[in-house]
Amino acid sequence: MLLKLDPASGLPLYAQIAAAVRRAVADGDVVAGDRLPAARDLALTLDVNMHTVLRAYKDLRDEQVIELRRGRGAIVREGSLSAASVRHLAAALVQEATQRGLSRDEIVALVEEEFS
Amino acid sequence: MRRLTLVIVPALVLLLLGSVFAAFWSELPEPMAIHWGLNGEPNGSAPRLVAFGLLAAIHVAVAVAVYQSVRRSPGEGPSFTAGLFGISALLLGVALLMVSANQGRGDWRQADEVGLLQVLVLLLVGFLFGTLGWVVAGGRAASTRAEPGTLPRLDVAEPASSIWSGRGFGKVTTAIGVAVIAAGLLVWGWSGIVLVLVGIVALLFSAVRVTVSGERLVVSLGWLGYPSWRVPLATVARAEVERVNPMAYGGWGYRIRPGVRAVVIRSGDALRIVRDEGPDLLYTVDDAERGAGLINSIVSARSE
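Which chain is which? The protein sequence lines are A and B, in order. Residue numbering for the first sequence follows this note's numbering, starting at 2 and increasing by one per position. Residue numbering for the second sequence follows this note's numbering, starting at 177 and increasing by one per position.
Just chain A, same shape as in the assembly (with noise of 0.2 Å):
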């Protein structure tokens, strides 16, 4: 498993490993059934406290992008990928549109448009 995080985006780290799996899962590197590097073996290789890592993994958890199981890690679950491609589309069009000089209301309502 491959993931690309993106320390240019300002986010903070678990920020960014849980944007690196959506982008994986949206990109199709990642499919359902895949197992994530073990929280403690991430926590390890990029030195910071285990709770970072599974902060990130709770969040994928919430937005049902994988599944945590006691034992048996941080899987990806069917069905992920409308979830994380939608979440990734949304992050992806906020840092398209700040960088073109939107602003956070300007990019609410070209959203609301949208919908109209």
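No lab work stands behind these hints, which were simulated from the structure alone. Given the structure is predicted, the values throughout are model-derived calculations rather than measurements. Every residue, glycine too, gets a C-beta built ideally from N, C-alpha and C. Check before you lean on any hint, since a few could be wrong.
To be verified - Partial pick of chain A residues on the chain B-facing surface, computed with a CB cut under 7 Å:
(1) L3
(2) K5
(3) P8
(4) P38
(5) A39
(6) D42
(7) T46
(8) V49
(9) M51
(10) L55
Claimed, not checked - Non-contacting residues of chain B with respect to chain A, defined by C-beta distances greater than 10 Å in every case (computed):
(11) A198
(12) G213
(13) E217
(14) L273
(15) I339
(16) W340
(17) R385
(18) R451
(19) E453
Place chain B on chain A using the hints.
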């Protein structure tokens, strides 16, 4: 040919198992001793037919499981055949030990003592026959390293902020671990404790995980991911992919060979890490090609 071996050998072993009991049937007490305690004294008995039936049933179950497994994954044929030969030899040894301890006794309580030494000899014999099974099934004792100059590379924008993880799972080591623990629980006493410990060690080496990020890689063993250790990428020169044959490393487990320290869980692709100093490190994990690629990209980006 290989399939036929997996039918003929178990049938032959079953015949031998039956002959061992049949030859001494009238000289065995009824019931006979089948269980020995910590002090080596017999402490459990069963009717002769049950003693034979138990060993035969275990043997048939193992033989069927091996046949099915080899049919499903022919690539693992040598490993499974090794397991079959090893367990067959172990069961035959147990039958011989049991019969000889009971032979000529009027009552099972007078059966000979069975101690640690006999059990160790049985395990050794099982291991030797396991190796024979490997050779018979065409297992070759050579591993192939990729040609020098064709180092795997991974084309990512920011190798230093990428994370790769791979794991290796050993069907053979898991099967051995479970079987040996089960045997240990059956055979109480010191020999049982030794068997359970051997089984736990086998389970420890039934899985390995490697996680790589910008600064270092982490290796962890077994289902619990413990023990685990870190290797700083600053000490790594390059990474290669190697097709590993466990026999070339003298079997499964933590192998110390000239110039390499290897964790061999299964046969197939492995990640070989060449360090600036000290022996290479080798781990049998899946997706080793991308893992080695990421390591090489990080290492070469650092030196530029």
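Verification of the supplied hints:
no.	hint	in the structure
1	L3	5 Å, holds
2	K5	5 Å, holds
3	P8	5 Å, holds
4	P38	4 Å, holds
5	A39	5 Å, holds
6	D42	4 Å, holds
7	T46	4 Å, holds
8	V49	10 Å, violated
9	M51	11 Å, violated
10	L55	14 Å, violated
11	A198	47 Å, holds
12	G213	34 Å, holds
13	E217	39 Å, holds
14	L273	38 Å, holds
15	I339	4 Å, violated
16	W340	5 Å, violated
17	R385	6 Å, violated
18	R451	17 Å, holds
19	E453	22 Å, holds
In terms of the numbered hints stated before, the structure departs from hints 8, 9, 10, 15, 16 and 17, listed from lowest to highest.
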